[in-house]
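Okay, so the sequence shown: first residue is 41 according to the working numbering, each after it adds one.
Don't read these hints as lab results, they were simulated from the structure. The model shown is predicted, which means the values in this text are computed figures rather than measured ones. Backbone N, C-alpha and C define an ideal beta-carbon position, used for all residues, glycine too. Keep in mind that the hints are not guaranteed to be accurate.
[What the hints assert, rightly or not] Each pair of labels, with its calculated beta carbon distance range: (1) Asp217 to Gly84: 19 to 27 Å; (2) Glu370 to Lys112: 26 to 34 Å; (3) Ser180 to Ser287: 21 to 29 Å; (4) Arg277 to Ala298: 43 to 51 Å; (5) Arg127 to His367: 22 to 30 Å; (6) Glu372 to Gln291: 41 to 49 Å; (7) Gly212 to Thr281: 17 to 25 Å; (8) Ser109 to Ser386: 57 to 65 Å; (9) Glu356 to Ile251: 30 to 38 Å; (10) Ser109 to Gly80: 16 to 24 Å; (11) His367 to Asp229: 17 to 25 Å.
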Amino acid sequence: MQKAAEKSKSPEAAGGEVADLVEEGAEIEFQPIDKLEELGINRGDIKKCKDAGYHTAESMLMNTFKCLSEIKGLSEAKLLKILDAARKVCPSGHGFMTGKEFDVQRERMIVRLSTGSTSVDTLLGGGIESKSITEIFGESKAGKTQLCHTMAVTAQIHDKSPGKVAYIDTEGTFRPDRIKKIASRFDVDGDTVLSNIVYARCSTYESQMSILEPLAAMMAEDQFRLVILDSITGCFRTDFTGRGELSERQQKLNIHLAKLRKLSEEFNVAVLLTNHVMSDPSGGAMFISDPKKPVGGHVIAHASTVRLSVRKGKQEQRVIKIIKAPHLAEGEESFVIQDGGVGDYSD
């Protein structure tokens, strides 16, 4: 963990001009589906795949044959031929490899994005990782949206692999003026930073789910580094009410999270979700020091790679705690919210 933290420079050290978002000689992180034409796939069939929302060879391999069968105009024989070509252009990750080979591949590909606080970055082993879903939950005013705004800037000034940011706002809390203030902290132009953020306001769960298809199309054309969804459960809680609709809500939420996970792996982006908390309605809540729990139940708990809780401490202090992470031990760290976004806390 310490080695990973050392690799990530402090966010201030990465300041200056916003770097070219697609560096020359950068490693190819996905294979455009157009590349299948070199292996004999008809250009018209490739267009049909794109029209259905499949823009990379990886996306074809990440979905079931049942889903792919819904692509209009493609027979079973054509689909099998396309899948065979997709396996040829991206053999890595779609078969067995040694643990050592996976370790080398993972270290080469994974990008760790700064939270704005070096102490929190150290706690997280270098920052928020790409190819994974990180969920942060907590009460209102705990600092979740402030963290989102800060990372919308830091993702663009990563010292080795910067990229654009997709910001999906379900609660109307995105503020361009806040982005500009945070950008000034890192000595970068606020308007340039805003130009590299693609923003979408979603008011229903349907719009929230459907926005991922055009986002995938944009990611196939430009290098993105971070997807922010603030919040993941806001629309679902509003559009599905009562226990009678709980099962349907959880099914839709599970589908949405599965698409987000595939998006993170397909394009090597970090996905940052914020989540609400609710009082625990179970009878045992009276025996728990903090009876609040994140919304979404086991569906979000299993879908998130890393789960973080955040709460208010004394005065301006905020405390972030690792609840779940496959590569980290449990622990917590403090941070503050300043004019320039999330920063280090000092007594």
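Here is what the structure says about each hint:
At about 47 Å, the CB distance of Asp217 to Gly84 disagrees with the hint of 19 to 27 Å. At roughly 49 Å, the beta-carbon separation of Glu370 and Lys112 lies outside the given 26 to 34 Å, and the hint is violated. Separation of Ser180 from Ser287 is about 28 Å and conforms to the stated range, judged on CB atoms against 21 to 29 Å. With their beta carbons about 19 Å apart, Arg277 and Ala298 fall outside the hinted range of 43 to 51 Å.
Between Arg127 and His367 the beta carbons are some 29 Å apart, a value that agrees with the proposed interval 22 to 30 Å. At roughly 33 Å, the beta carbons of Glu372 and Gln291 sit outside the given window of 41 to 49 Å. Checked against the hint of 17 to 25 Å, the pair Gly212 and Thr281 passes, with Cβ atoms roughly 20 Å apart. A C-beta distance of roughly 58 Å is found between Ser109 and Ser386, which places it inside the suggested range of 57 to 65 Å.
Range check, Glu356 to Ile251: about 34 Å between beta-carbon atoms, so the 30 to 38 Å window is met. For the pair Ser109 and Gly80, the beta carbons lie near 21 Å from each other, so the given range of 16 to 24 Å is met. Hint check: His367 to Asp229, Cβ distance near 35 Å, so the stated range 17 to 25 Å is violated.
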